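Modelling step: build the complete structure from the supplied sequences, incorporating the hints.
2 protein chains.
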Amino acid sequence: MTLIAKLKSRLATRNLDAILISQPDNRRFLSGYTASDHNIGESAGVLFIPRRGKPLLLTDSRFELDAKTEAPGFSVQLYAKGMLALLPDLLIEYQIKRLAFESHYTLHSTFEQLVKLCKKNSIEPIATTDLVETLRLCKSESELGKLQASVTLNEQVFQEVHRTMVPGMKEIDIALQIETLMRQRGAERPSFATIVASGENSASPHAVPGLRKIQEGEPIVIDMGLVLDGYCSDMTRTVVLGKPSVKSREIIRIVRKAQLAGINAVQAGKTGKQVDRIARKIIKDAGYGNCFGHGLGHGVGLAVHEPPGLSPRYTKKLKANMVVTVEPGIYIEGWGGVRLENMVVVTPDGCRNMNRDETCFNL
Amino acid sequence: MTLIAKLKSRLATRNLDAILISQPDNRRFLSGYTASDHNIGESAGVLFIPRRGKPLLLTDSRFELDAKTEAPGFSVQLYAKGMLALLPDLLIEYQIKRLAFESHYTLHSTFEQLVKLCKKNSIEPIATTDLVETLRLCKSESELGKLQASVTLNEQVFQEVHRTMVPGMKEIDIALQIETLMRQRGAERPSFATIVASGENSASPHAVPGLRKIQEGEPIVIDMGLVLDGYCSDMTRTVVLGKPSVKSREIIRIVRKAQLAGINAVQAGKTGKQVDRIARKIIKDAGYGNCFGHGLGHGVGLAVHEPPGLSPRYTKKLKANMVVTVEPGIYIEGWGGVRLENMVVVTPDGCRNMNRDETCFNL
Chain A
12 MTLIAKLKSR LATRNLDAIL ISQPDNRRFL SGYTASDHNI GESAGVLFIP
62 RRGKPLLLTD SRFELDAKTE APGFSVQLYA KGMLALLPDL LIEYQIKRLA
112 FESHYTLHST FEQLVKLCKK NSIEPIATTD LVETLRLCKS ESELGKLQAS
162 VTLNEQVFQE VHRTMVPGMK EIDIALQIET LMRQRGAERP SFATIVASGE
212 NSASPHAVPG LRKIQEGEPI VIDMGLVLDG YCSDMTRTVV LGKPSVKSRE
262 IIRIVRKAQL AGINAVQAGK TGKQVDRIAR KIIKDAGYGN CFGHGLGHGV
312 GLAVHEPPGL SPRYTKKLKA NMVVTVEPGI YIEGWGGVRL ENMVVVTPDG
362 CRNMNRDETC FNL
Chain B
12 MTLIAKLKSR LATRNLDAIL ISQPDNRRFL SGYTASDHNI GESAGVLFIP
62 RRGKPLLLTD SRFELDAKTE APGFSVQLYA KGMLALLPDL LIEYQIKRLA
112 FESHYTLHST FEQLVKLCKK NSIEPIATTD LVETLRLCKS ESELGKLQAS
162 VTLNEQVFQE VHRTMVPGMK EIDIALQIET LMRQRGAERP SFATIVASGE
212 NSASPHAVPG LRKIQEGEPI VIDMGLVLDG YCSDMTRTVV LGKPSVKSRE
262 IIRIVRKAQL AGINAVQAGK TGKQVDRIAR KIIKDAGYGN CFGHGLGHGV
312 GLAVHEPPGL SPRYTKKLKA NMVVTVEPGI YIEGWGGVRL ENMVVVTPDG
362 CRNMNRDETC FNL
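In order, the protein sequences belong to chains A and B. My numbering puts the first sequence at residues 12 to 374. My numbering puts the second sequence at residues 12 to 374.
Keep in mind that the hints were calculated from the coordinates and are not lab data. Mixed in with the good hints, there may be bad ones.
Identical copies carry no separate label here, and so any pair may be met within one copy or between two of them.
Quick list of in silico lysine to aspartate or glutamate cross-link-like pairs, EDC-like style, CA-CA up to 20 Å [stated by the list, open to error]: (1) Lys79 <-> Glu344; (2) Lys108 <-> Glu135; (3) Lys65 <-> Asp368; (4) Lys268 <-> Glu75; (5) Lys92 <-> Glu317; (6) Lys108 <-> Glu75; (7) Lys254 <-> Glu227; (8) Lys131 <-> Glu344; (9) Lys328 <-> Glu199; (10) Lys127 <-> Glu171; (11) Lys224 <-> Asp28; (12) Lys181 <-> Asp240; (13) Lys328 <-> Glu53; (14) Lys268 <-> Asp368; (15) Lys79 <-> Glu211; (16) Lys224 <-> Glu344; (17) Lys181 <-> Glu199; (18) Lys224 <-> Glu199.
Keep in mind it's a predicted model, so treat the numbers as computed, not measured.
Below, the structure written as structure tokens:
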């Protein structure tokens, strides 16, 4: 069954006549149309998928060529003054009574306009949140191939930059070198702002690279990812130049142990909460339970953060072909932090590590 | 009067007891807190500004250090499970009856949770759209200084890259060189994806840099901007390598004439529509009226596109210390396009050009 057929069957189950898809990853997933929104207020287009009939891609003239080339399964219709101006005619043409929209990617201000428009046409607007996201949870073979290519390229960029790192270089220059190389090697863009955090800066899980010069012996956390053919990678390495300090060595060893325990725990049928607890226990038992404030991992696909989660709050079961990060960390204010992050594919009896792990563990 | 005092006075006027600020530029404007949202669903924090009492910055532990350092006027409160979990206690503590939120940066899904939460506490949620945006329209001296620094750095980067441009270089490589240099020179990031569009590619105002090699004689449109200390620049140059073709020369001269007319027309008290019309007339009179499809300009500040507009639709009056772009263009399908863009500060009796214009006008 094609994706569109699957979605239409879900519409039927919920008695919905059509759905508006505004979320850019969902839009790309269903149509192949690659444009990204400048921001949520400046959309590059919306899919209109009726339960019966050919789906439409609504966009403006700037994107006409791309839309037609990339989304051959869709009829492209252009609007001059926003998607909502095009909608009334479509709602009549397709005899829509119940119109779904994506609650999690519709601004309240847009919702208010939509409500007015629906009222005028005696249509019921229905908020949905997961109709497409749930289709994205388990990856197809083609998606797994793209994710692996993204992971592999990301690692290559890391290796190449890591070789050039010497004490005295600024965090920001290393981050810049990474992001430039990503694009030179063919990535669409970084999947998030690259983190290079050294010494005490690394105590913040989301540190912004600054003018601090990296030094021997201290932990340097590099969290990086790229987008290749739409799919994201996400990886963290903690490296030490020269001889690691005693403390660096101790903390890296604990985090690595927690990571390996987490990877070993991943398996279809286990919950995200169960996996998180197993890795977290290692850190707790070592006396650093209060220094690991975030979840163990998250799903990766068209979005760099997507379901499922490996965290105390995620009680659903993992399924085969989900892709998640495993990224424990220990953060100590005034000293620094260590985080190690791989991506794995969930399998029926465990998981497959998508990363290669040769760096920095001969401690 | 401080910004917060101004905002509190607006809350009083509208009989609002507090406002939640989720829009990242507004958040930074009011608090100094520089974090950016990964996306609208992954917020780096929300301001809670009560009509009476000290304002709060609500965020999670990842951002605690930055929040406390950057926003000394705010009490930082941390949430583990989302901002909304923190809210009920605050609403009681501050005796809130009418709670404003930003309709244009609140997801429908968040709104629904907010409505439930308010209902439970007998509170009225009030949608607002412009309470902070209108405070951002006229720039302070400090903001003008930052905008000028952003413009000046942007020009330096352009000059440096322009000197290296020779026929045969690919558009995408020039764009990458520009963005790398921006960050090496201290910019936070480009303020939008840099446009380098040559020959017939330049006929699209929003061209994406590609593999096309730039050639002698043809127009090459470079539209670039950066973010420095939070503030955006935005500038377009159309350059020609070697001797311009007759057509290139003709079109550039017309666009330059329109730009100068536009700059001369900018003045406090005039409407955006009036200024647009004056520049547009030059292009119309030269026979290219149909080749200038966008507005003449837009406001620039913490956002690269913000009010006011210079366009047929903007009928409000300009005020002193607003900052706008003046960017006429002529786009001819199959041939190419020319756009020239400066930023100006509106003054009581005209405007001050923030750019230097020495390039490419000895035609």
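Do the hints match the structure? See the list:
no. : hint              : in the structure
1   : Lys79 <-> Glu344  : between (52 Å within a copy, 14 Å between copies)
2   : Lys108 <-> Glu135 : within (6 Å within a copy, 30 Å between copies)
3   : Lys65 <-> Asp368  : neither (46 Å within a copy, 49 Å between copies)
4   : Lys268 <-> Glu75  : neither (52 Å within a copy, 28 Å between copies)
5   : Lys92 <-> Glu317  : between (32 Å within a copy, 17 Å between copies)
6   : Lys108 <-> Glu75  : neither (29 Å within a copy, 47 Å between copies)
7   : Lys254 <-> Glu227 : within (7 Å within a copy, 54 Å between copies)
8   : Lys131 <-> Glu344 : neither (57 Å within a copy, 39 Å between copies)
9   : Lys328 <-> Glu199 : neither (32 Å within a copy, 40 Å between copies)
10  : Lys127 <-> Glu171 : neither (55 Å within a copy, 52 Å between copies)
11  : Lys224 <-> Asp28  : neither (58 Å within a copy, 47 Å between copies)
12  : Lys181 <-> Asp240 : between (31 Å within a copy, 19 Å between copies)
13  : Lys328 <-> Glu53  : neither (36 Å within a copy, 23 Å between copies)
14  : Lys268 <-> Asp368 : within (13 Å within a copy, 60 Å between copies)
15  : Lys79 <-> Glu211  : between (51 Å within a copy, 17 Å between copies)
16  : Lys224 <-> Glu344 : within (18 Å within a copy, 50 Å between copies)
17  : Lys181 <-> Glu199 : between (25 Å within a copy, 15 Å between copies)
18  : Lys224 <-> Glu199 : between (29 Å within a copy, 18 Å between copies)
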